[in-house]
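**Q** Heads up: the sequence lines are chains A and B, in that order. Mapping to the numbering used here: the first sequence position 92 is 92, numbers consecutive. Mapping to the numbering used here: the second sequence position 293 is 293, numbers consecutive.
Rather than coming from a laboratory, the hints here were simulated on the basis of the structure. Every residue, glycine too, gets a C-beta built ideally from N, C-alpha and C. Careful, some of the hints might be misleading.
[Said to hold, decoys possible] Derived DSSO-like pairs: lysine-lysine, alpha-carbon spacing no greater than 30 Å straight-line:
no. : chain 1 : residue 1 : chain 2 : residue 2
1   : B       : Lys297    : A       : Lys79
2   : A       : Lys232    : B       : Lys137
3   : A       : Lys19     : B       : Lys328
4   : A       : Lys70     : B       : Lys169
5   : A       : Lys42     : B       : Lys327
6   : B       : Lys306    : B       : Lys287
7   : B       : Lys303    : A       : Lys70
8   : B       : Lys300    : B       : Lys65
9   : B       : Lys322    : B       : Lys287
10  : B       : Lys300    : A       : Lys19
11  : B       : Lys333    : A       : Lys19
12  : A       : Lys79     : A       : Lys216
13  : B       : Lys169    : B       : Lys300
14  : A       : Lys32     : A       : Lys12
15  : A       : Lys96     : A       : Lys70
16  : A       : Lys79     : B       : Lys328
[Stated by the list, open to error] Chain A is nowhere near these chain B residues, computed Cβ spacing over 12 Å in every case:
no. : residue
17  : Lys95
18  : Asn99
19  : Cys105
20  : Lys153
21  : Ile318
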Amino acid sequence: MNGCGYMYNQFKYLTAGDKAIIIEVGDSINEKINRVIISLEKEINNSFNDELLEVIPTYRSIMIQYNPVKITYMELLNKLKSIETNLKITENKTNKVIVIPVVYGGEYGPDIGNVAQYNNLSIKDVIKIHSSTKYLIYMLGFTAGFPYLGGLDKRIHTPRLERPRIKIEAGSIGIANNQTGIYPVDSPGGWQIIGKTPLKIFNQNSENPFLLEPGKYIRFKPISERRFLQLKIEEEGV
Amino acid sequence: MYSLEIINSGLLTTIQDCGRYGYQKYGVPVSGAMDKYSLRLANVLAGNKECEACIEVTFGGLKIKFNEDCIIAITGGNLLPKINGKEVSMWTSLKINKNDTLEFCRLISGLRSYISFCGGLDLPDVLNSKSTDLKSKIGGLNGRKLVKGDKIKINNSSLIKVTKYPIEKYIPKYKNEITLNIILGPQNHLFKNSSIVKFLNSKYEVTNESDRMGYRLSGAELEHLQGADIISDGVSYGAVQVPGNGQPIIMMSDSQTTGGYAKIAYVASCDFHLLAQAKPNDKITFKEITLEDAHFKYIKMEKALKSIKKMIDCDNGIHEYKITVNKKQYQVKVEEIDM
Chain A
1 MNGCGYMYNQ FKYLTAGDKA IIIEVGDSIN EKINRVIISL EKEINNSFND
51 ELLEVIPTYR SIMIQYNPVK ITYMELLNKL KSIETNLKIT ENKTNKVIVI
101 PVVYGGEYGP DIGNVAQYNN LSIKDVIKIH SSTKYLIYML GFTAGFPYLG
151 GLDKRIHTPR LERPRIKIEA GSIGIANNQT GIYPVDSPGG WQIIGKTPLK
201 IFNQNSENPF LLEPGKYIRF KPISERRFLQ LKIEEEGV
Chain B
1 MYSLEIINSG LLTTIQDCGR YGYQKYGVPV SGAMDKYSLR LANVLAGNKE
51 CEACIEVTFG GLKIKFNEDC IIAITGGNLL PKINGKEVSM WTSLKINKND
101 TLEFCRLISG LRSYISFCGG LDLPDVLNSK STDLKSKIGG LNGRKLVKGD
151 KIKINNSSLI KVTKYPIEKY IPKYKNEITL NIILGPQNHL FKNSSIVKFL
201 NSKYEVTNES DRMGYRLSGA ELEHLQGADI ISDGVSYGAV QVPGNGQPII
251 MMSDSQTTGG YAKIAYVASC DFHLLAQAKP NDKITFKEIT LEDAHFKYIK
301 MEKALKSIKK MIDCDNGIHE YKITVNKKQY QVKVEEIDM
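The shape of chain B in the complex, shown without the other chains:
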C-alpha cells in the first residue's frame, strides 16, 4: 500500500533531510535540504522530528495524488500550492483526504518548497540519511530525483491536531535582492585588498548556472595575489570560492567535500535559508560580520526553532524530558493518549 503518487515531477523534486553527516572524509557530500530552516519548520508543524525526510520542490510543477488521509505542512518558497485546485496556506499543518491532489503551480517568491508528512516517509536510510545525493546516486528514492509514477508510503503514526500557530515572525520574507552576512576566510589573505573591498561593496547576480552543488555569481571581478589554486582543502555549504575568472561560486548542499580554489569568505549560517531561496537573476550583496556576531545570530535562530517545536509538541500532548540513568543521559518523549 502506498500513500502518495507523483503525477508530475516538476523540474527538480528530491527527497531531503538535514543531511548526511559522518562521511565527508570519504568524499560523500552532506546533501540534505538546501533550506534546512524551512525543512525543520515543516517537520515541526507536521508533528515530526525536526530532521525527518521531506520532499524538496524546486521551481514548481510537482503534482501529487494522495491515496490515504494524512497531515502535511508546506514551508519555504511560495510556489503557489493548491489542493484540488484551491490555494492553501503555507507554514501551517494541513489535513489531506484520500484522493486529494496537491499541486505547485508557479513561482511567487523564493525557489524551493518543502512538504513534510506527519509520520515521515517510509524510505531506507543510506549512510544514516534519507537525503538524495544525485552524484553518488544514493539516498532518497533509489538515489535519483522523483519521476512521474513514483509511489511512496508515509509511516503510520498518530496524527496531530491541525492548528494554525502564531509563528508569523518566524516566516522569512524572500526578496529578489538580499544581503548576506559573511565571515571572511579561510583564504581571504590570498586576495588583493582592493578585491576584498570590491567583494563587500558590489552587487552580484545569481546566474542560470546554479544548482544544488553551487551558485555561480556574476559581478565585480575578484583578483588573487598569486593565482586561484590552493592545495585542495575541506569545503562545505556556504563557502564562497573564487576560481581564476574572478567570479565567485557559493557552495551549496551537494558541494564536493574538498576543493582547490581559494575561498574568500563563508556565508553566515543564520542566512543559509535566504541564500537557499535565491534564484537566477536575484541580486546578492555581502556584509562582513564578526564570528561572534555570526554565532550570536545562529544560536538565536536555533533557540527560536526549539521554542516553536516545544509549543507545538505541548499542544499535541507530547513532552520531552532529559533524564539521567546510571550517569547516562537519555531524551525521553512522553505522549498523552486517550484511553
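With the rest of the complex left out, here is chain A:
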C-alpha cells in the first residue's frame, strides 16, 4: 500500500491484554485513514468465524477482540498481516448521507445564543453553518450510540459549558470545542446544546437499534417546532 500523510507505511500491531490486538494504521484523524479502518473492519469480519469476539473501529485504529481458546496469537497475527498486505480500500459512497432533522434554538437548544455570541454570529448564521456541512461518523462511544463526528466548521467552535448539566435529554445536539454530536440517551454533560432531533438514534426495541454507524456521513436539516412534534409522534409510534 502507498504511504500517505500521517498513515504508517506498515500498520502497528499492539497488544491489548491476552484477548485483544489493536491495529494502528496512522497517527492522525482524517477521512483517508478512516476509509482504511472501515475497509479493514470489513475484511477482518469476512475472514474469521467464532475466533473473534468483536471488531471495534476507532479514529485511527481498530481493536480485534479474540478468543485465545479458538485461535493462537501467532495464527491471528499472521492472518491479520496477510489481510494488511492484500487490503483494498473501498470508496465511501458519500451520496449515502443520513439526514438528521433538527429543531434549533429555543427550549430545544438553550445554548445556541452562547455559540452565536462567542463567535460573533447571529443565531441564523449558526444554524446555517451547522446544517450546511456533512459530517463523517468516525466512531461511536461514550454511551450507546454516541457519534464522534468530524468536520465541524471553525466558525462555530465553542468551549464546553463552565457548569455541566445534570441531565441532557436524548436527541439533544451539542457543540464542544471542535466537536459536534448527538446525545442518544438522557445523560449528564457539558456540551453547548443548540438543538434537538425527534429521531431515536438508539432504540433498544427496534430491529435496527442503531441509526448511526462508523464510516457513514450525516447531515443536520433544520425543521420547525411543528414538524419536530409531528415527527416525534411518528417516532414514538403513539
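Since the structure of chain A is already known, use the hints to place chain B on it.
**A** Relative to the frame of chain A, chain B by itself:
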C-alpha cells in the same frame, strides 16, 4: 406468579450475565458480571448454562424472600449469606423452600456474591444479553439496579440434585493484598522507563472512587513521555489507563468502549476474578508475564471450568454431544428422565 421478591436491595444489586457482546462498535459497554468466573461457577452448580443471568450482590445488605421452592447456588465473595437466619455454604447447590428468606449480612472476604437460580431468571434479552448496563439504562430489570419490592420470576425447569461437589481447589481465596499478572501495552512505550519500573515495583491501593466502570488506584505516580492523551482507541475490561495525574485506573465491566488515556498494561484474564473481588483499601501489586504465559493460564482455567461442568452435568444425567449433520456442527444436550 413471581418466584422471589426483593425485601432489601443493599448498596448495589444488579442482574448480570457474561456480558453484552457484539455492540461495542456502537458504543455499548460489555457490562456483565464483574467476576465472570464466580458467575459461571454459580450457574454450573445450579445446573444452568454457564452464562445464565444471576444476581450480583455488592457489599451485602440484600434480602430476598422466595415465593416458591427452587434450587440456587451462591459463589464469589463471602458476604455471610444466611437462609432464615442460619448461615449457609457457598460454592454448592442449595435447596430453597417457599417463604424462605436469603440475606447477605456482612462482608467477610471479597466484595461481590453471585446467586444463580436453577432454570434462570425470566427476564428479556436486550441486545442479546440480560446484563444491566446502568449508563445506557438497558438490560436486567428495566435497565436499573434492583430495589425493594421488585418481583422476579424464575423459569420453570427440572430441578437438579442438591449435592456437594469436591471443587475446593477451584474456590479462590480473596485476600486484602493481591498480586495481579499483567501484560504490558498497548501504550507502554508512551511512559518513561523509570515509570514502568515503578509500576511493577510499587503497591497500589484501591480507592473509594471505584465502581463497576473502573477502579481508581492510588500509589506511585507514573509519568508519560509527552502527556497522557492519545487519539481515543478501543478499551476493555482489565485495561490499566493512566490519566495526567499519573494515578492508574483499571477499567472494569461497565468500561466505556473507547478511551483517550494511554494504557500502560492490561491485567491478565486469569486474574480478572481476583481483581473483581478487590475492594477499597485493598493493595495491588503488578507482575509482568508474557502473552504466552497469560494464554497458558487462561486456557488452563477454562479447561477446569469445563471439567467441573461436565462432572455436574453427568451427575444429573445431562450429556452434551457435538454432532455433525450435513457438514454443520450442532451441540446437543441429552437429558435422562424418569419414565
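**Q** Would you mind marking each hint as holding or not holding in the structure?
**A** Taking the hints in turn, this is what the structure says about them:
1. B/Lys297 <-> A/Lys79: It holds: about 24 Å lies between the C-alpha atoms, which stays within 30 Å.
2. A/Lys232 <-> B/Lys137: holds, 21 Å
3. A/Lys19 <-> B/Lys328: holds, 27 Å
4. A/Lys70 <-> B/Lys169: holds, 26 Å
5. A/Lys42 <-> B/Lys327: holds, 26 Å
6. B/Lys306 <-> B/Lys287: Judged against 30 Å, a Cα distance of about 27 Å means the pair holds.
7. B/Lys303 <-> A/Lys70: The hint holds at about 13 Å.
8. B/Lys300 <-> B/Lys65: Measuring from Cα to Cα gives roughly 38 Å; hence the hint is violated.
9. B/Lys322 <-> B/Lys287: With a Cα-Cα distance of about 39 Å, the restraint between lysine 322 of chain B and lysine 287 of chain B is violated, given a limit of 30 Å.
10. B/Lys300 <-> A/Lys19: holds, 15 Å
11. B/Lys333 <-> A/Lys19: The given pair, whose Cα atoms are some 29 Å apart, holds under the 30 Å limit.
12. A/Lys79 <-> A/Lys216: holds, 27 Å
13. B/Lys169 <-> B/Lys300: holds, 14 Å
14. A/Lys32 <-> A/Lys12: holds, 17 Å
15. A/Lys96 <-> A/Lys70: violated, 37 Å
16. A/Lys79 <-> B/Lys328: holds, 24 Å
17. Lys95: Given a closest Cβ separation of 34 Å, the condition holds.
18. Asn99: Consistent with the label, asparagine 99 of chain B stays out of reach of chain A, its closest Cβ about 36 Å off (over 12 Å).
19. Cys105: Holds, since 35 Å exceeds 12 Å.
20. Lys153: It holds; lysine 153 of chain B is separated from chain A by about 21 Å at its closest Cβ, greater than 12 Å.
21. Ile318: Isoleucine 318 of chain B is indeed farther than 12 Å from all Cβ atoms of chain A, at 22 Å.
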